[in-house]
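Produce the entire structure from the sequences given, and follow the hints as far as they go.
Each chain is listed here by its residues.
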Amino acid sequence: MAAVAAWAAAASVTLAVPDQPPSIFIVYEGTAQLGMAAATVAAIIAVVGVFGAWIPGVGARLARFAPWLTVLGLAAGAYELATAKLAWLPRPYFTSPQEVAVVFRDDAALLLESLLYSLRLLAIGFAVGAGVGFLTGVAMGWSRRVNYWLYPVARTIGPVPAAAWLPIAYVVLPTNTIASLFMIALAAWFPMALLTWSGVAGVSRSYYDVARTLGASERFLVWKVAVPAALPSVFVGLFMGLGGSFISLVVAEELGVKAGLGWYIQWALGWGEWKKAWAGLLIMVVLFSGLITLLFRLRNRVLSWQQGLVRW
Amino acid sequence: MVASPFPCTGGPGAATIEVRSLSHQFVIRGSPLPVLKDLSFSAAPGAFIALLGPSGCGKSTLLRLVAGLEPPTAGEIRVGGQLVRSPDPSRALVFQDPTLYPWRTVWRNVALGLEARGLLRTGDRRVHDALERVGLAPFARALPHHLSGGMAHRAALARALVNEPSLLLLDEPLGQLDALTRLTLQRELVRLWEGGGFTALLVTHDVDEALYLADRVLVVGARPACLIGDVLVDVPRPRHHADPRLQELRRAVLGLLGFDWM
Chain A
396 MAAVAAWAAA
406 ASVTLAVPDQ
416 PPSIFIVYEG
426 TAQLGMAAAT
436 VAAIIAVVGV
446 FGAWIPGVGA
456 RLARFAPWLT
466 VLGLAAGAYE
476 LATAKLAWLP
486 RPYFTSPQEV
496 AVVFRDDAAL
506 LLESLLYSLR
516 LLAIGFAVGA
526 GVGFLTGVAM
536 GWSRRVNYWL
546 YPVARTIGPV
556 PAAAWLPIAY
566 VVLPTNTIAS
576 LFMIALAAWF
586 PMALLTWSGV
596 AGVSRSYYDV
606 ARTLGASERF
616 LVWKVAVPAA
626 LPSVFVGLFM
636 GLGGSFISLV
646 VAEELGVKAG
656 LGWYIQWALG
666 WGEWKKAWAG
676 LLIMVVLFSG
686 LITLLFRLRN
696 RVLSWQQGLV
706 RW
Chain B
969 MVASPFPCTG
979 GPGAATIEVR
989 SLSHQFVIRG
999 SPLPVLKDLS
1009 FSAAPGAFIA
1019 LLGPSGCGKS
1029 TLLRLVAGLE
1039 PPTAGEIRVG
1049 GQLVRSPDPS
1059 RALVFQDPTL
1069 YPWRTVWRNV
1079 ALGLEARGLL
1089 RTGDRRVHDA
1099 LERVGLAPFA
1109 RALPHHLSGG
1119 MAHRAALARA
1129 LVNEPSLLLL
1139 DEPLGQLDAL
1149 TRLTLQRELV
1159 RLWEGGGFTA
1169 LLVTHDVDEA
1179 LYLADRVLVV
1189 GARPACLIGD
1199 VLVDVPRPRH
1209 HADPRLQELR
1219 RAVLGLLGFD
1229 WM
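First to last, the sequence lines map onto chains A and B. Following this note's numbering, the numbering of the first sequence begins with 396 at its first residue and continues without gaps. Following this note's numbering, the numbering of the second sequence begins with 969 at its first residue and continues without gaps.
The set of hints was computed from the structure by calculation and includes no laboratory data. In this text, all values refer to a predicted model and were calculated from it rather than measured experimentally. Every residue gets a Cβ at the ideal spot worked out from N, C-alpha and C, and that includes glycine. Where hints are given, some of them may not hold.
Computed footprint of chain A on chain B; a stretch qualifies when at least three of its residues, placed anywhere within it, have a C-beta under 8 Å from a C-beta of chain A [stated by the list, open to error]:
| no. | segment |
| --- | --- |
| 1 | 988 to 995 |
| 2 | 1051 to 1059 |
| 3 | 1109 to 1122 |
Here it is in structure tokens:
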């Protein structure tokens, strides 16, 4: 049970080694709670390790994650040691875990508000961009005429990073929020349109022949043959589009919008509050990786027929 | 129209086929490539016709034209008296490759024809019946990549049959199968046709298969394809591959194709 040992070590480092003397800027509080938290993690791993064997699945799962839990425990202990205890890493740029934890406690309301703002901006922008991109891609893949007019447009505008439009968008569009939404949508639109298009255009002709001899209408061919056949490619577009939206979101919030996580980080740094920047960044990490994970889950479910056909 | 000397096994739904001076050519990089030349034949309702010819002679193209997937360069095709202009669910085509949709279960692949025409009801009996006819009912919920080659071809057959076609077009449907599966499926094809109420037009390059399955074998020469022989297979069913009369006809057909040294 190396994982238990690692977390126990992290706990004892936190609790036993004295903190750096406080300065005007840095006051250490909550060290004891942090140590207790690490100890709790160790205790939970130990309990699950002992009793999990009786619950099917849990034991195996713990065994699978044990190496990671160990490394994480060691890293947490090392980081605590390098910041609060020995100050090896330059202060105040690198903040100790307890400082960040205190931010989460004291600034919870503002952080939550920022998170919701970011999430709203991202959700609307990405939904519009990906939706329009999907329809653009289907139309381009299906109709030669649409392709003639849209392909050059997509080829010209698409490769330009959405953030490049930022200065102009903020001036031309009525509000900063609309400008940001435009940028996020644009970032999602291009990969989505391109990959949906190539997916639809790449569908084997024999799939259409089969459906046509069975009496399929044009509409059926588009929505029941072309689109399902193109879905693997559409999901690649969704992943790329989502990544692009994240970039646009952060750029937009750090430069223009007066709300959201990007703004929070920028604002905190304006006051020299590095610990708050770390806290905001941490939420971003969890948010973005969480959304990507969600998309992976969705893909695995929708494309479950691919299992056994391709090697993921 | 040539009257079939055999009792008509097809039901009232089975369609006649009339092909009149049909020619077709592809244009490849600006130069025309003739594939069919002045082809004419007709078939009685409920007949089982085999079109036999060497590989690449344009047989598959003929089936695509009869199915209505492409318009012919010249000549006309009538099925059941109607001029063929576009694909129609009454003319089902079974492709060389089963081409099942990998994202649909076997059941939903077979239901495709009904769904495309807006006739599908949930838990439709007709889908189940079609699966039953080809012996795939236990695999209704499987995905295509779980099926063996023979099973995939059965599913493709069921998908073609679910629309209750009056003409079944078979484009070397057994060409990719191993010899044993092939024999089994040949027998089932005859069984389906006998109970089916449809005219069958089979394209193949396999002499034994053509003679075993069909009432009449139309022999087609190398490209551009034109008719070089019309052989009546006067052997009652059930047939046996080793039947001496079939061997005799086999020699005759191979002779027509220029293989008289065999």
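Comparing the hints with the structure gives:
| no. | hint | in the structure |
| --- | --- | --- |
| 1 | 988 to 995 | violated (count 0) |
| 2 | 1051 to 1059 | holds (count 4) |
| 3 | 1109 to 1122 | holds (count 3) |
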